[in-house]
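Chains A and B, in that order, give the protein sequences. Each residue of the first sequence is one higher than the one before, counting from 0 in numbering that gives the first Met the number 0. Each residue of the second sequence is one higher than the one before, counting from 0 in numbering that gives the first Met the number 0.
Bear in mind the hints are in silico, worked out from the structure with no lab data behind them. Please note: incorrect hints may appear among the correct ones.
[What the hints assert, rightly or not] Mimicking SDA-like on lysine to any residue, the simulated pairs with C-alpha atoms at most 20 Å apart in a straight line are:
| # | chain 1 | residue 1 | chain 2 | residue 2 |
| --- | --- | --- | --- | --- |
| 1 | B | Lys320 | B | Asn309 |
| 2 | A | Lys192 | B | Lys320 |
| 3 | B | Lys22 | A | Glu52 |
| 4 | A | Lys187 | B | Asn309 |
| 5 | B | Lys254 | A | Ala201 |
| 6 | A | Lys187 | B | Lys254 |
| 7 | A | Lys39 | A | Glu52 |
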Amino acid sequence: MDAFNIEAGKIAPFMAANIDTDVIMPKQFLKGIDRKGLDKGLFFDQRFLLSGEPNPEFVLNKPQWQGAKFLAVGPNFGCGSSREHAVWGLKQLGIRALIGTTFAGIFYDNCQRNGLLVIELDEKSMSELGDKVASGEINDIEIDLPNQNIKLPQNAKINFELDPMRKEALMQGLDAIGSTLQRAEAIKSFEKKHLLDNPWLA
Amino acid sequence: MHKPRTLYEKLINSHTVCELDNKGHVLLYIDRQVLNEYTSPQAFSGLRDANRKLWRPNTSLAVVDHVNSTEPQRVSVGPEEGGALQVNYFAKNCEDFGIELFDILDSRQGIEHVVAPEQGFILPGMSVAAGDSHTTTYGALGAFGFGIGTSEIEHLLATQTLIYKKLKTMRVTVNGALGLSITSKDVVMELIRKIGAAGATGYAIEFCGSTIEAMSVEARMTICNMAVEAGARGAYMAPDDVVYNYLKDKPRAPKGELWEQALNKWQALYTDKDAVFDKEVTIDAASIEPMITWGTSPDQASVISGVVPNPRDDIDLAKRKSTTRALQYMGLQAGIPIKGISITHAFIGSCTNARIEDLRQVAEVVKGKKIAQGVRGMIVPGSSEVRAQAQVEGLADIFIDAGFEWRQSGCSMCLAMNDDVLSPGDRCASSTNRNFEGRQGAGVRTHLMSPAMVAAAAIKGHLCDVRDLGIN
Ligand code: SF4
């Protein structure tokens with residue numbers, strides 16, 4: 000997993016509510032057995048016209064937001080299907096962080112496991128930020144994970160909260176399976192007792 | 000004396016290997032996992048690359064459901080290249096890692112959330128995780144199920160655990176008798192309309208009340224299944240005699256002495272009196288009407304007697320925008336009555352509503368009638384066992400006589416990942432759980448409702464109130 004420390008880049012507005020993972024990664028891109036080629040599928044039905052040409056109306060196709068590294072998103076982003084393909088696609092297109100008010104649970108965890116930073120702000124800060132991003136007033140930001148803040152133009156700053164455990168994993172780019180397996184003995188002894196107490200689970 | 004605990008706390012505490020911090024993160028032991036062909040391949044590739052083994056292979060059950068064809072004539076692999084690739088890799092993974100697989104030709108094949116309970120694979124008190132958001136379904140059996148992504152599947156297979164953050168708790172109490180032809184689907188759709196598509200984000204929901212107690216396990220599953228459309232990462236109900244009777248003779252339920260022992264232990268699976276929930280919601284069953292969605296999010300819903308809303312009535316700007324966008328996608332005009340909107344397709348299927356009880360309700364509505372001209376009706380049973388049962392009961396003949404396609408089991412047009420895909424502009428009355436843009440095909444317009452309501456719409460050729468057809 001890629002580590003995240005300090006990243007600077009463009010931010011694009013994507014403020015509609017309830018953007019589901021079917022919209023982020025439509026079904027025709029779910030048919031692989033690897034993680035490849037998902038950048039093509041990202042927001043496919045909105046990003047491309049029926050002819051296959053890029054849709055000039057789509058936010059990430061507009062000149063000022065091409066190559067954005069961060070997205071300011073609306074509430075309940077990533078709801079719906081558990082498909083991690085949505086997160087793989089975002090990463091493959093170069094998205095490193097999402098900033099919004101609420102994110103769906105499975106999607107949030109999927110981001111975490113892939114080193115895609117998810118920042119949750121309160122409604123007021125988010126709507127101010129969203130407005131400024133949409134109007135072009137803010138185009139470039141820097142996200143400082145160790146200090147938990149977003150640096151905006153003119154020395155403005157927004158602080159954000161994050162679980163220390165998640166922060167640590169993101170900054171180190173940790174392999175979660177490897178870390179958990181260090182607790183193999185604890186799992187084994189739990190399991191032994193659990194199956195003894197509930198023998199029908201064996 | 001113990002502090003009174005919710006059933007959620009009991010379920011999570013009894014599966015906690017250790018706490019990981021003081022923010023509610025625990026290492027959670029998982030008793031069972033169900034795998035499907037489309038969210039698991041990269042997890043197995045990850046295990047192969049790192050040369051890791053499965054922690055406990057016999058806790059997994061693998062089912063092919065998302066990509067297989069539902070053509071009445073079964074073949075081992077579908078017509079589609081991508082699907083075939085996944086089905087073959089899935090079989091190889093199950094073989095190499097020692098996991099039991101129900102493949103397409105297996106008489107127990109079907110949608111994972113229908114198959115697992117039907118086989119008695121899921122029992123009260125279990126923790127269950129799977130690479131599918133509707134794993135919440137298992138809460139109807141008093142188990143705690145939740146969906147995970149592919150990286151988490153890999154973690155689970157390798158360690159039998161997940162790094163889990165405890166949720167807040169919400170209790171939804173439903174009391175009273177439901178009206179004629181009102182189903183558990185209408186109850187959960189009313190809840191989603193009421194609290195919103197993110198209303199339960201960050202929560203586990205416990206459902207209780209006399210309405211729930213009076214429901215069959217199948218009806219309860221519909222509720223726990225669709226609770227995820229309100230954002231819940233877990234939805235459960237305390238198990239009772241209805242659950243035990245449902246499970247008793249299932250193939251994998253414990254038998255004899257072991258059953259008695261289990262039954263004894265399950266008696267402790269309830270929320271203590273005076274336990275406190277972070278949020279309480281109540282619903283009066285008598286006030287529930289047949290529900291239907293008009294938009295592209297499951298909370299964009301109304302009673303069938305309602306009208307398509309006007310975005311101008313939304314005070315909230317963001318809401319106004321999403322209503323406008325939804326109406327545009329759905330090709331609907333603000334203010335028109337929902338009853339009377341013409342449909343081109345009627346689909347009965349999915350893990351929400353394709354169990355035998357659902358099919359019986361559909362048969363009652365369509366018996367002796369014909370589906371309207373210009374409407375294509377499809378019935379896709381939730382499992383191959385449901386299909387066989389419906390044939391024994393004569394339901395299949397009723398469907399075929401009414402003009403429905405009687406198909407094989409799978410997810411089919413719930414997400415249209417196989418060859419069951421509709422065309423832009425089609426409008427489908429659907430017993431499924433998601434009306435997202437493009438869910439049943441690019442540009443397709445989906446209206447969610449109960450199976451009986453889909454059946455009624457198929458007969459009339461337009462959205463209507465099943466109660467107007469004069470059936471009890
Ligand atoms: S029936 Fe639909 S919701 Fe259920 S598992 Fe299949 S695709 Fe998912």
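Problem set entry | Restraint status (C-alpha distance of Lys22 of chain B to Glu52 of chain A at most 20 Å) | violated, 47 Å
Problem set entry | Hinted pair Lys187 of chain A and Lys254 of chain B, Cα distance within 20 Å | The given pair, whose Cα atoms are some 26 Å apart, is violated under the 20 Å limit.
Problem set entry | Restraint status (C-alpha distance of Lys39 of chain A to Glu52 of chain A at most 20 Å) | Roughly 12 Å separates the two Cα atoms, so the pair holds.
For this session: Below or equal to 20 Å on CA atoms is what counts here, so check Lys320 of chain B against Asn309 of chain B.
Result: Between Lys320 of chain B and Asn309 of chain B the Cα gap is close to 11 Å, so the pair holds against 20 Å.
Exercise. Does Ala201 of chain A lie within 20 Å of Lys254 of chain B when you go C-alpha to C-alpha?
Worked result: holds, 13 Å
Exercise. Hey, Lys187 of chain A versus Asn309 of chain B, does the alpha-carbon distance stay inside 20 Å?
Worked result: Violated, at about 58 Å.
Problem set entry | Pair hint Lys192 of chain A and Lys320 of chain B, alpha-carbon separation not exceeding 20 Å | violated, 54 Å
Hints 2, 3, 4, 6, counting from the list given before, are not met by this structure.
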